[in-house]
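Under the UniProt record's numbering, the letters of the sequence shown match residues 1 to 1043, in that order.
Warning: the hint list may mix true and false statements.
[What the hints assert, rightly or not] Okay, derived cross-link-like pairs now, BS3-like style, lysine-lysine, Cα gap no bigger than 25 Å in a straight line: (1) K629 <-> K656; (2) K1038 <-> K992; (3) K629 <-> K493; (4) K116 <-> K130.
I should point out that these hints are in silico values taken from the structure, not numbers from a laboratory.
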Amino acid sequence: MAEHTAAPPTLEELRAAARSRETSLEPDKPASAKAAQLSPKLASRLARGPVLVTADLVAHDNRSARPYLSRATMLLIVLALLFASLLGHSHRLAMNEVARVNAGCEMAYMSPSYIKLAAFGTEYSRLAGKYSTYLYREVGWDLEPHPAGIPVLFAPGNAGSFRQIRSLAAAAARQFYDSPGVPNSALLKAGARHLDFFAVDFNEDFSAFHGTTLLEEAEYLNDAVRYILSLYTQEPSLRPDLQPDPTAVVMIGHSMGGIAARKMLLMPNYQPGSVLTIVTLSTPHVVPPAAFDAVTESVYSTINTYWQQAFSRADQSRNSLRDVALISLSGGTSDTTIASDSVSVAALTPPTHGMTIFTTSLPDLFSPVDHQAMMWCNQIRNRLAWALLRMTNVHSASQTVALPERMRIFHEELLIGLEDEEVGLTPLPFSGTFRLDLSTQQHAFLSLGSRLVRTWLASSASESAIDLMPIPQAPSYDDQLYFVFLTDLAYAKDQSTISLCRAGADSQDHVVCSELPLSYVKRLPSTLPEHDSKYASLSFVELPLSDLREYAHIAIRSASRTISSFVLAEFIDRDATRLVRHTTMSSLLFGGLHVANVVEQASLLTHLHLPAMDSSLLQYQLEYFDPCKESSIFSPLLRVFSNVNFESVWLPNAGKSIVYLHGTAPYVRGPTSPYTRRGLSLMLWRDPTCEAPAAVFIRLDLLGSLAKLIVRYRMVLAAWPLAITLLTFRRQTTGYDGGECFRTFSSAFNQVVARDFIWLLLGATSFAFVQCLAVVPVSLPNLRPPANYRDPAPHLGDMLVGNHDLLFVPLSALILVLSGAVAMISHLLLQSIVSIATTVYTWLEHAAPSRLQPYLRIQERNENPTIQRIVSLAALLLLVLLFAPYQFAYLVLTLVHLFSTVRAYILLQDPSSATALVWRRRWDRYHYYMVVLLIMLWLLPMNAAILIVWVRNLSAGWIAPFSSDHNVLSVAGFLLWVEGVHTGRMLPRSQKLWRRNITSFAALAIAIIAILYGIRYTYLIPAAVNIYFFWLAFLHAKGFNTG
1 MAEHTAAPPT LEELRAAARS RETSLEPDKP ASAKAAQLSP KLASRLARGP VLVTADLVAH
61 DNRSARPYLS RATMLLIVLA LLFASLLGHS HRLAMNEVAR VNAGCEMAYM SPSYIKLAAF
121 GTEYSRLAGK YSTYLYREVG WDLEPHPAGI PVLFAPGNAG SFRQIRSLAA AAARQFYDSP
181 GVPNSALLKA GARHLDFFAV DFNEDFSAFH GTTLLEEAEY LNDAVRYILS LYTQEPSLRP
241 DLQPDPTAVV MIGHSMGGIA ARKMLLMPNY QPGSVLTIVT LSTPHVVPPA AFDAVTESVY
301 STINTYWQQA FSRADQSRNS LRDVALISLS GGTSDTTIAS DSVSVAALTP PTHGMTIFTT
361 SLPDLFSPVD HQAMMWCNQI RNRLAWALLR MTNVHSASQT VALPERMRIF HEELLIGLED
421 EEVGLTPLPF SGTFRLDLST QQHAFLSLGS RLVRTWLASS ASESAIDLMP IPQAPSYDDQ
481 LYFVFLTDLA YAKDQSTISL CRAGADSQDH VVCSELPLSY VKRLPSTLPE HDSKYASLSF
541 VELPLSDLRE YAHIAIRSAS RTISSFVLAE FIDRDATRLV RHTTMSSLLF GGLHVANVVE
601 QASLLTHLHL PAMDSSLLQY QLEYFDPCKE SSIFSPLLRV FSNVNFESVW LPNAGKSIVY
661 LHGTAPYVRG PTSPYTRRGL SLMLWRDPTC EAPAAVFIRL DLLGSLAKLI VRYRMVLAAW
721 PLAITLLTFR RQTTGYDGGE CFRTFSSAFN QVVARDFIWL LLGATSFAFV QCLAVVPVSL
781 PNLRPPANYR DPAPHLGDML VGNHDLLFVP LSALILVLSG AVAMISHLLL QSIVSIATTV
841 YTWLEHAAPS RLQPYLRIQE RNENPTIQRI VSLAALLLLV LLFAPYQFAY LVLTLVHLFS
901 TVRAYILLQD PSSATALVWR RRWDRYHYYM VVLLIMLWLL PMNAAILIVW VRNLSAGWIA
961 PFSSDHNVLS VAGFLLWVEG VHTGRMLPRS QKLWRRNITS FAALAIAIIA ILYGIRYTYL
1021 IPAAVNIYFF WLAFLHAKGF NTG
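Starting from the given sequences, assemble the full structure and let the hints guide the process.
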């Protein structure tokens, strides 16, 4: 090893330096106010006389040469790795389940063509140079190239393509036309016309990351609506039946496109009444999917506040949303792109104006669907296209039926009908009568209160038969009697029908009846093994006695097929078949819930309500035990559903199954109606001839529940490890200002684990407990606590992990442990990267030709600013002010400081400057640069999101600067600090107590803010750290000015 060429320091100089608080050599031991103790080896070397303090001697004496982890830190990392491995394993199992259930979606086929609206230029919209609009036409079906039907506008989501509309548009065209160019006569007679699907090309903008982009999209959508509506006035000859020109369009939005569609109604260029129906698919309505941008949070807050206040007004005649329908479709558990809890609009609109439908409740599908498949799943597009066609009315200026009828149509087409009572949907009246001739048909009159049971074997096909069940005449105040009917026959004249017959027949063989419309029949998933078709189903009817008072009999016509069939019907007492079981989450965790007799009396249909099972973070294992299962007329069918959203899990041939529903969720407010029954409910269809009791056992699926944490708490990796890093930095600066060397990250982290972590865990647990206490049960008529809850205030509800139950109080502590390990492991990785970069650079320097080595050699720099640095700084500021977002400047500053850190480590490899003072300062500087680099890297993803949007705009040819993100002050703190240390300067020690306190308490305050609100409001963290860097830059300036 080369030695210093200058005169070595004397023994007296080194001992004087050792006694000075400014030159302590041992970084892991606090310096005494009087003297600092040298290590025994170094002291023995010094005792033998003057000695040159070279790199190997100091590196051996100073533990900063390699990380040292205490036992507590190692235990923390081990526990975190075990927790992370469980999370990874559960997530892998969840992804396998997603792949399995996605097989329920059928592939859609189409023949797409897109006609660009070239005339829609900058004279109509200032954003026409960035975005464009297309008219879709299904080749071979849509023969008219010009818009002449009813306009529908599609807004794609984050990085989405306008071509995604092809599946839905193709389904609508093929359903409207019986053959190419020939419309369906029934639809025409009902006032329907073909749908003109327009789609906006947003150039696959990353709208989820940038609120300004969302605002631009909403502005352009309004411009597009105005232009589209003008097209129908330009070609009146294309609308020969004198139908009024449309004044509104139907909006379809996928993902963030749904947010842009809702924002349209609040924009200055919105044309009142031009949007009356908004259908969204996998749109996160409540909480932004990425909380990196303050403008995005503002957009969400503005929209949701506006919608909530609009429906809370006493005078609804002044409500601008009184005619607007909002339909939100969600894929449920298979959608891992967003947290599906946020898709619910129950907290934004009343049931009369909005509804949330999960695809597990969609007829013919009954399966979760992933984020992208929502746009091409054949069952979804067919159902939605038919609903859109049914709700059109060419004779109305809005081109759609009135709001109540629109909501009814969506209910009928997107749900199986079991939810009608849950939202108070009034059934259509029975219409039309006919005389039922019993003399020519096989028939039987059942006695009052008896049950109809008809079964056929596969070989016993027979003529149709009619069974007449007498209707009980219960008191008018008794509304708990219901008629229920279940069969595996199709509801058709040749298989099975129901008629309601009046009293007072005109003869013994003739009765006057009204046939029950098909809309009253619910199609349930089949439970029979013979039904291998996806579309095989059971026909179910449920009618309250209050709708049957003017009738005397129910006539049930049935005929067998060539396979085993059954028909079951009876009157049931709802009070006797409805059970409520109260439990707690802790009971579910440790013992599960066992309902020994879920069927207290033999009945075709039984209800079970579990109010406590209301969390979206939990997955359950359900086991159903039925001694009659093998010998019953049909296998039991179990529906597990939520009363808050239209979400169901169907369990044909009920046995052992996984159950998961979206209920109370982190950061999501409850429904607008306080009478909504929260919790998990079950409906059980079972052979009523079986008298033996059935049982249900439910317990928590802990491994499956862990997978739910990943989607909902992804932001924790951006916030909480940074908080731990700031606490470590606080320990380093506190010791440094107290006279120590600037501690290594590992040494300071050991201190954090030993002294601070216990208080951190206790504090987080205490706050989580207080958060739970804010959820107070509400006592309402006919609702037992804790069926309903009061949402906590936002400052409480949005804290930590958004906890709503005592079971999740330890969750914050667990995630903090994981975050601490992530912070330490990230430091080790960063240290390895810096070490590798140093090795590579050193090798390149030695391998380079001798004439280039002087240019590659890194030396200490002059601390005075140079003209080149001033010009570079001015150019960067000018670039941010005029063109690039400030996030670009932050990226440049991070790269500059990365180079400064590598340079500081390279200088540690050079033993030429080997005085104790210089060597110690170099180690101090390196550790200081390293921890700050780690802080800046944690902030980089928060800034990179908007930077990605800007780069995407540049690649699309849109060079106009953002209307936001050019505030130089948002990055000025980082800029001043990086400029201050780029020449190699070290943080000066704070001699005054108030400066030390500000440095310490500011880091602590930012760490606490990051832990309390960093998951929900991540964008607050970069702003707070930027202010902190202003303070560090001030300290550097004071140290420079004072010498």
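These are the hints, each one checked on the structure:
no. : hint           : in the structure
1   : K629 <-> K656  : holds (13 Å)
2   : K1038 <-> K992 : holds (12 Å)
3   : K629 <-> K493  : violated (31 Å)
4   : K116 <-> K130  : holds (14 Å)
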